[in-house]
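Asker: Single-letter residue listing:
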Amino acid sequence: MSRDLLLKVELRSDPSMLCVVRGAMERLTETFGFSPADCRSVTRAVDEAITNIMRHSYGGQLDRPIELLCHRVPKRPGNAGGEGFEVVLTDRGPEVDPAKLRGRRLDEIKPGGLGLHFIRQSMDVVEFKREQGTNQLRLIKYLQSEKQD
Amino acid sequence: MQISARRIDTTTIFDITGDIDLANSPEIRKALLKEIKESKTPRVVMNLVKVRYIDSSGVASLVEGLKASRDAGTRFILFGLSPAAREVLQLSRLLKIFEVHDTEEQALA
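Protein sequence lines correspond, in order, to chains E and F. FYI, the numbering for the first sequence is -9 to 139, going by the working numbering. FYI, the numbering for the second sequence is 3 to 111, going by the working numbering.
Worth double-checking, as some hints may not be accurate.
[Unchecked claim] Below, a sample of chain F positions facing chain E; criterion: calculated Cβ distance under 10 Å:
(1) Gly20
(2) Asp21
(3) Ser59
(4) Val61
(5) Pro85
(6) Leu110
These are computed hints drawn from the structure, not numbers from a lab. We treat Cβ as the ideally placed atom computed from N, Cα and C, and that holds for glycine.
Full structure from sequences and hints, please.
Answerer: Next comes the structure, spelled out in structure tokens:
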């Protein structure tokens, strides 16, 4: 499977970097060809995923490494959609319990637990794996057609 | 992000400028809860006209403000939501839970 690298960013787990990443994602998704709503969706998913790493994987430490990779990936076989925009986020925090990656029920009015829900609603593929001492979150959003206006 | 407060009669209006995310949502939460729980202001209004983005931690701060105002028997109002801010409240099924208006005039009516 061919994957063209679009962007590679290495950042520290400092929340002041979130606005920098959002700025980059807004421009990159726009360039990729997503609609304004899908640009916001992908940007929101990446922002929430990095927020989760900062809060839960690194427990608020400000100087831990996070790697962000963005690739162009082929469209899904047999699917009418276009190419995919893949994001892989890697951190070196402790192993995450998959049971805690569910998010909360939305019929409760309470603060917290919304980030993972936003990610799942925004992206077509959400996969998590532990590899070589790192947590890797892989997200993909496909263009709804070959070209979007 | 910048936050400032205006007082009109028994209403406090928080004017927020910039994105609300993990870097600054604790500041908003602290200001809101102080105004609602300690100052016991009858009506607290959030001016979000100049807020382009709100993340889940920002939504959580707004929910805490809403719950505190319900506990205190006061009003908590949002106005001027951007498309992105409206989307996160819709995604979290909270848009109908808040009192939301388009303009400050409507929020203060």
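Asker: If a hint holds in the structure, say so; if it doesn't, say that too.
Answerer: Each hint tested on the structure:
no., hint, verdict
1, Gly20, "8 Å, holds"
2, Asp21, "6 Å, holds"
3, Ser59, "7 Å, holds"
4, Val61, "6 Å, holds"
5, Pro85, "7 Å, holds"
6, Leu110, "25 Å, violated"
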